[in-house]
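2 protein chains.
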Amino acid sequence: MIDLLSRFDSIRAVDWQGDHLRLLDQRVLPFEERFVECRSPAAVASAITDLVVRGAPAIGIAAGWATLLLVREQRSCELATLEPGLAHLVAARPTAVNLAWAVDRMRRLLATPGCTEQAVFEEAQRIEQEDLQANQRMAMLGSELIAPGSGVLTHCNTGALATAGLGTALGVIRAAWAQQKLKGVFAGETRPWNQGARLTVWELFKDGIPATLIADSAASHLMSEERVQWVIVGADRICANGDTANKVGTRQLAIAARYHGVRFMVVAPSSTIDMAMPDGSGIEIELRDPGELTHSRGVRTVAEGVDAWNPVFDVTPAGLIDALVTELGVVIRPNTRRMRDLFAAS
Amino acid sequence: MIDLLSRFDSIRAVDWQGDHLRLLDQRVLPFEERFVECRSPAAVASAITDLVVRGAPAIGIAAGWATLLLVREQRSCELATLEPGLAHLVAARPTAVNLAWAVDRMRRLLATPGCTEQAVFEEAQRIEQEDLQANQRMAMLGSELIAPGSGVLTHCNTGALATAGLGTALGVIRAAWAQQKLKGVFAGETRPWNQGARLTVWELFKDGIPATLIADSAASHLMSEERVQWVIVGADRICANGDTANKVGTRQLAIAARYHGVRFMVVAPSSTIDMAMPDGSGIEIELRDPGELTHSRGVRTVAEGVDAWNPVFDVTPAGLIDALVTELGVVIRPNTRRMRDLFAAS
Chain A
1217 MIDLLSRFDS IRAVDWQGDH LRLLDQRVLP FEERFVECRS PAAVASAITD LVVRGAPAIG
1277 IAAGWATLLL VREQRSCELA TLEPGLAHLV AARPTAVNLA WAVDRMRRLL ATPGCTEQAV
1337 FEEAQRIEQE DLQANQRMAM LGSELIAPGS GVLTHCNTGA LATAGLGTAL GVIRAAWAQQ
1397 KLKGVFAGET RPWNQGARLT VWELFKDGIP ATLIADSAAS HLMSEERVQW VIVGADRICA
1457 NGDTANKVGT RQLAIAARYH GVRFMVVAPS STIDMAMPDG SGIEIELRDP GELTHSRGVR
1517 TVAEGVDAWN PVFDVTPAGL IDALVTELGV VIRPNTRRMR DLFAAS
Chain B
1217 MIDLLSRFDS IRAVDWQGDH LRLLDQRVLP FEERFVECRS PAAVASAITD LVVRGAPAIG
1277 IAAGWATLLL VREQRSCELA TLEPGLAHLV AARPTAVNLA WAVDRMRRLL ATPGCTEQAV
1337 FEEAQRIEQE DLQANQRMAM LGSELIAPGS GVLTHCNTGA LATAGLGTAL GVIRAAWAQQ
1397 KLKGVFAGET RPWNQGARLT VWELFKDGIP ATLIADSAAS HLMSEERVQW VIVGADRICA
1457 NGDTANKVGT RQLAIAARYH GVRFMVVAPS STIDMAMPDG SGIEIELRDP GELTHSRGVR
1517 TVAEGVDAWN PVFDVTPAGL IDALVTELGV VIRPNTRRMR DLFAAS
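For the protein sequence lines, the chains are A and B, in the order given. Each residue of the first sequence is one higher than the one before, starting from 1217 at the first, in this note's numbering. Each residue of the second sequence is one higher than the one before, starting from 1217 at the first, in this note's numbering.
A few of these clues could be false.
When chains are identical, the list treats them as one kind, so a pair holds in a single copy or across two.
Stated by the list, open to error - Below, computed lysine to aspartate or glutamate pairings styled on EDC-like, alpha-carbon distance capped at 20 Å:
no., residue 1, residue 2
1, 1422, 1520
2, 1422, 1523
3, 1422, 1241
4, 1399, 1523
5, 1422, 1248
6, 1399, 1441
7, 1397, 1423
8, 1422, 1249
9, 1399, 1360
Think of the hints as simulated: they come from the structure by calculation, not from any bench.
All chains should be modelled from the sequences, with the hints used to inform the complete structure.
See the structure below:
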């Protein structure tokens, strides 16, 4: 097995410093590598809301460390005392399930008798380490599905910036690249926040993987020219039937992929799967500030008076997904039965 | 019939001033209403290449007036003398068929014995007037297809800015709005040049039509929420079988519309139809400067070294088009036979 973790280790988005959490400020990348130091749980919650840190797994990891900051701030390991702070943390972003998942994991730990600050520290560290190991495993599992000579298209940023390292969808792309399987890597801009244009192509370029940027709208033309055989994306929440909430535009890519006979892969740790949510119809889609569409770098780019609608996630029906790659294994053409089997087998 | 032309007449993108052509500079809209004065055919060709003027019909009209400038510059109405200048004009943009169509129309006129400068003037004027009348007719024909209470989504800019006035797809939207049929109008940003964000919502806002801007990628989510019943777009070139080249992203919208049961309308004058081109496989897709993706207002927004691919058109298969609206009539579910019937009947 290729040691992907040592080959691709240049970026640390979420970095515990012993007494505070250091976050790589993703709002100013790729031109500035600025860090935000969070010394309180509220500071981490704000950083999550403001997109200093983003990407479902990275948010979950940050929430783990935020719980440790909360324990220290409150000088208590009592769940009842900490609950308001934990609830505030969960509310920082509504769509990403990993945030709630990490906080719930901390809640369970805090509910155990005799829970200590040291135990909370170790749990936060474990969340981070497990993510790293899961990414290595998913990268190899996903890459196995890709035939040599393939082109791939990805959306948003699912790399080291969005995780403890390596990435989910970008982890698969890194592994396939390391195995010399890829003839082309394309990334959509990912409007309105431009995660693809600002983060993904930068991350890949740093690793010597020459990705080509396209307008999100050019994906269908790219597919019609047979330049890509796989679309590979991450996920913010996966339902019991395999319906997947991810960055807005993912649904459109999945529909276009099916039309063109291009295959569609979702790569996400099992912590992203919410078996309590039967299907995508129940997922709350986060609406963000219309200013993300009407302004650019603080300057208005759209005529005064014009309104915008800015949903930042959408739901891809399970029926459009060819493979769901998790650290527990791969689900081919996910449905409720196959999703249950994934957990039963593990 | 509603007099759409007097109701919606605030914008003149291409305006003949007796001795020069005045173009509204679409590169600096919506914040500046600046004009470019073209006193030579070469100046018009540059303005077409540089997107001072854009939109297939507007480019055709500009080419008509450029021919008059050429005749005056060369002090000749002889086709052979003018041919190098005409060829230079046609080369200004490769995909829009109206440019070649307008120049060919001028070539035919110049080939008639005794052609005069006055005749060239009248032909340029006729191209413009015919476009205006065609738009009024298409607006009414297209609006007839729309049920009251509908929402519509459009792409790129197909309004007064792209034509002699009123617009093609935007003409239909204006008519349907005037007839109080629309409960919502949505416009995609239209990356990378942002015709939707900069031009379309501005144009509609000026007319009191409150359009809502969305990211191009949000179209499928919009459709899944049943907020739109029609996607309405223009065209740069339509093949004999109905395959349609239009702004990049159109293909993706058509695929998404079909998936969601949303109907898809193309609105374009018959001058856009190229019966000599059997289907979309023969259409040359213009690739523009990757800088349109890597820079914003002259400032680099993507990491140094990163490459981009920037096709600015794509082809929508005829099979995804529910209605093609021309000034000659409407073609429901276009194919080669029905396209021939359109011309046979007229």
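Now the hints, each set against the structure:
Proximity of residue 1422 and residue 1520 under a CA criterion of 20 Å is satisfied inter-copy only: 11 Å between copies versus 39 Å inside one chain copy. Taking the shortest alpha-carbon separations for residue 1422 and residue 1523, only the inter-copy value of 13 Å comes in at or below 20 Å, while the best intra-copy value is 38 Å. Proximity of residue 1422 to residue 1241 under the C-alpha cut-off of 20 Å is restricted to the intra-copy arrangement: shortest distance 17 Å within a copy versus 39 Å between copies. Taking the closest pair of Cα atoms, residue 1399 and residue 1523 come within 20 Å of each other only across two copies (15 Å); inside a single copy the shortest separation is 41 Å, beyond that limit.
When the C-alpha separation of residue 1422 and residue 1248 is checked against a cutoff of 20 Å, the pair qualifies only within one copy, where the shortest distance is 14 Å, while the shortest distance between copies is 39 Å. For a Cα distance limit of 20 Å, the shortest separation of residue 1399 from residue 1441 inside one copy, 14 Å, qualifies, whereas the shortest one across copies, 37 Å, does not. Taking the shortest alpha-carbon separations for residue 1397 and residue 1423, only the intra-copy value of 16 Å comes in at or below 20 Å, while the best inter-copy value is 53 Å. Proximity of residue 1422 to residue 1249 under the C-alpha cut-off of 20 Å is restricted to the intra-copy arrangement: shortest distance 13 Å within a copy versus 42 Å between copies.
Taking CA atoms no more than 20 Å apart as the test, residue 1399 paired with residue 1360 passes inside one copy only; the shortest distance there is 16 Å, against 49 Å between copies.
In this structure, every one of the numbered hints holds.
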